[in-house]
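Here is what each chain is made of, one letter per residue.
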Amino acid sequence: MSLSARRKRTNRIAMGLATLATLFGLFFLGAILWTLLWQGLGAIGPAIFVENTPPPGSDGGLANALFGSLVMTLVAILIAAPIGVLAGTYLSEYARGSRLGEAAKFINDVLLSAPSIIVGLFIYAALVVPFGHFSAWSGAVALAVIALPVINRTTQDMLALVPNALREAAAALGAPQWKVMVFVIYRAARSGILTGILLAVARISGETAPLLFTALNNQFWSTDLGAPMANLPVVIFQFAMSPYDDWQRLAWGGALIITAAILALNILARALAGTRRRS
Amino acid sequence: MTTTDVRPSDVEAAERPNRAKAQDRLFLGVTRASAALVVLVLLGILVSLVIDALPAFGNFGLAFLWNERWSPAKDIFGAAAPIYGTLVTSVIAMVIGVPVSFGIAIFLTELCPPMLRRPIGIAIELLAGIPSIIYGLWGFFVLAPFMQTTVQPALIATLGHVPGLSLLFSGAPYGIGLLTAGIVLAIMVLPFITSITRDVFNTVPVMLRESAYGLGMTTWEVTRHIVIPYTRRALVGGVMLGLGRALGETMAVTFVIGNSHRIAASLLSPATTISASIANEFSEATSGLYTSSLVALGLILFVITFTVLALAKWMLGRVETH
Numbered sequence: 040m041s042l043s044a045r046r047k048r049t050n051r052i053a054m055g056l057a058t059l060a061t062l063f064g065l066f067f068l069g070a071i072l073w074t075l076l077w078q079g080l081g082a083i084g085p086a087i088f089v090e091n092t093p094p095p096g097s098d099g100g101l102a103n104a105l106f107g108s109l110v111m112t113l114v115a116i117l118i119a120a121p122i123g124v125l126a127g128t129y130l131s132e133y134a135r136g137s138r139l140g141e142a143a144k145f146i147n148d149v150l151l152s153a154p155s156i157i158v159g160l161f162i163y164a165a166l167v168v169p170f171g172h173f174s175a176w177s178g179a180v181a182l183a184v185i186a187l188p189v190i191n192r193t194t195q196d197m198l199a200l201v202p203n204a205l206r207e208a209a210a211a212l213g214a215p216q217w218k219v220m221v222f223v224i225y226r227a228a229r230s231g232i233l234t235g236i237l238l239a240v241a242r243i244s245g246e247t248a249p250l251l252f253t254a255l256n257n258q259f260w261s262t263d264l265g266a267p268m269a270n271l272p273v274v275i276f277q278f279a280m281s282p283y284d285d286w287q288r289l290a291w292g293g294a295l296i297i298t299a300a301i302l303a304l305n306i307l308a309r310a311l312a313g314t315r316r317r318s
Numbered sequence: 040m041t042t043t044d045v046r047p048s049d050v051e052a053a054e055r056p057n058r059a060k061a062q063d064r065l066f067l068g069v070t071r072a073s074a075a076l077v078v079l080v081l082l083g084i085l086v087s088l089v090i091d092a093l094p095a096f097g098n099f100g101l102a103f104l105w106n107e108r109w110s111p112a113k114d115i116f117g118a119a120a121p122i123y124g125t126l127v128t129s130v131i132a133m134v135i136g137v138p139v140s141f142g143i144a145i146f147l148t149e150l151c152p153p154m155l156r157r158p159i160g161i162a163i164e165l166l167a168g169i170p171s172i173i174y175g176l177w178g179f180f181v182l183a184p185f186m187q188t189t190v191q192p193a194l195i196a197t198l199g200h201v202p203g204l205s206l207l208f209s210g211a212p213y214g215i216g217l218l219t220a221g222i223v224l225a226i227m228v229l230p231f232i233t234s235i236t237r238d239v240f241n242t243v244p245v246m247l248r249e250s251a252y253g254l255g256m257t258t259w260e261v262t263r264h265i266v267i268p269y270t271r272r273a274l275v276g277g278v279m280l281g282l283g284r285a286l287g288e289t290m291a292v293t294f295v296i297g298n299s300h301r302i303a304a305s306l307l308s309p310a311t312t313i314s315a316s317i318a319n320e321f322s323e324a325t326s327g328l329y330t331s332s333l334v335a336l337g338l339i340l341f342v343i344t345f346t347v348l349a350l351a352k353w354m355l356g357r358v359e360t361h
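From first to last, the protein sequence lines are chains A and B. Just remember that our numbering sits 39 ahead of the position in the first sequence, which is counted from 1. Just remember that our numbering sits 39 ahead of the position in the second sequence, which is counted from 1.
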């Protein structure tokens, strides 16, 4: 075979493999979503949203778990969003050359991928042991610790995109620095920062590991943040591993709900980021 | 009577610069405190893990790291089996995940029709959005039975007789175990490695690429001899980032690993990882030493992942766009 024919053949094989790799990746996305729809749709009905998690062998729903997940995610974001945005502001606007800034940037990027089960252990030691019991508060704080680096990093990236002329123009009008930030720069970066917060919500609403020994689980409807609270991920884990058919069915229903919600959030965040880029 | 006639608004005007300065200082202080909190979180994690792990290390010494025995009934614990499982599942994940991720990145940057580039890119990134518990559920109910009935018997029948490989593919097809966990992890790290690889491939100057094409190189040769050498360092960083994810992944592995504290040569045998041990056993740990041993496992995991992620970060510089 001539050299050029051999090179062409190598190229075709390599490109064929690259295409195959893409199909491989897409196949798993399809397979997972298909399984979720196929197994989960049967479990979805009005009951799943209004009834609480049942004892084995009887009918029920996931109302308490859905409620618990919503509450803990909301509390976590209320804690993480302001801190994350302010920390991102410092790192992007004020930290140039400061040691704290360099360290915090580096550590934040490491925390972004740190194992979430470690966060669970930390919050267990920091909040569960001292208070003597599991609680929704500790679960929410654990989730906040996971959301914080996400919001921090996106805020840094989004503020870096705001043109300097805007800062200079506002400062030239005599506005104090904090007013420049709050009334001009934050507004310019608003949709980007919001995207970061949405991505953080998507990230934490499926987290299971940090809740296993912080919020634990609760068989009943509970609105007490000082007590263990049911939540979707832990219920899915428990029910899926159980030998009971109706529990497994509910686990699939919960899995479908949580995945649909998270994918919707991801797509919404992307759309938001997209509008910003176009305008 | 002469009055200097100072109007309140003048006082305000005179004090305004001072007040603005004070407000600026306050704003700066609050933002700096928030940034410091990030550092404090890391220190808090480290300190709490070290304190709670001390009893285990005090009791078993450094031998905790290489002792295989894990017996809650006798209060004897060793970390060798979970460490082994963590490393082996992550290696399997990398062996499968890295070439596939590179392939996808090459497809997206070189081959894909521009119209499909965005949708396919987004679809791959959505894999990263799916929570790990869903991967666990899918791995346990779909992949593990398929492995048990189809893949593993085939592996045992073929590779199980090849000298050298036979050790890795021996035993009964359980479905769950190291190999299945490694495959699930490989799917999970795909989107992370792919998105970084694609981004760094795109940093290659068009000039370099086109000169190479101009010399008559094929797409593969351009990738192999121009793009990959140009981006080597960041590529390694991206792989390390994926490795960091795989090492610490918890729920997906917990479903399919089999939770067995034994080191077996076969990739088909049930095992455990650090994170799966903690997830499975922490709330059931009855003795103080048991709990402390699990936290000690957590400390080991934290040190390993921190090192890997820090290296990844260092190699990536700031290319990574998240």
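I should point out that these hints are in silico values taken from the structure, not numbers from a laboratory. Be aware that a few hints might be false.
Stated by the list, open to error - In silico SDA-like cross-links for lysine to any residue, where the CA-CA straight-line distance does not exceed 25 angstroms:
| id | chain 1 | residue 1 | chain 2 | residue 2 |
| --- | --- | --- | --- | --- |
| 1 | A | Lys47 | B | Tyr269 |
| 2 | A | Lys47 | B | Glu323 |
| 3 | A | Lys218 | B | Arg55 |
| 4 | B | Lys113 | B | Glu323 |
| 5 | A | Lys47 | B | Asn298 |
| 6 | B | Lys113 | B | Arg263 |
| 7 | A | Lys47 | A | Thr74 |
| 8 | B | Lys60 | A | Leu205 |
| 9 | A | Lys47 | B | Lys113 |
| 10 | A | Lys47 | B | Thr258 |
| 11 | B | Lys60 | A | Ala227 |
| 12 | B | Lys60 | A | Pro94 |
| 13 | A | Lys218 | A | Glu207 |
| 14 | B | Lys60 | A | Lys47 |
| 15 | B | Lys113 | B | Ala303 |
| 16 | A | Lys47 | B | Arg64 |
| 17 | B | Lys113 | B | Ala251 |
| 18 | B | Lys113 | A | Pro85 |
| 19 | A | Lys218 | B | Arg64 |
| 20 | A | Lys47 | B | Ala303 |
| 21 | A | Lys218 | B | Gln62 |
What the hints assert, rightly or not - A few chain B residues that don't get close to chain A, going by computed Cβ distances all over 12 angstroms:
| id | residue |
| --- | --- |
| 22 | Val130 |
| 23 | Ile163 |
| 24 | Ile313 |
Since we're looking at a predicted model, the values are computed, not measured. Just so you know, even glycine gets a beta-carbon here, dropped at the ideal spot from N, CA and C.
In rising order, the numbers of the hints this structure does not comply with: 2, 5, 6, 7, 9, 12, 14, 16, 17, 18, 20, 23, 24
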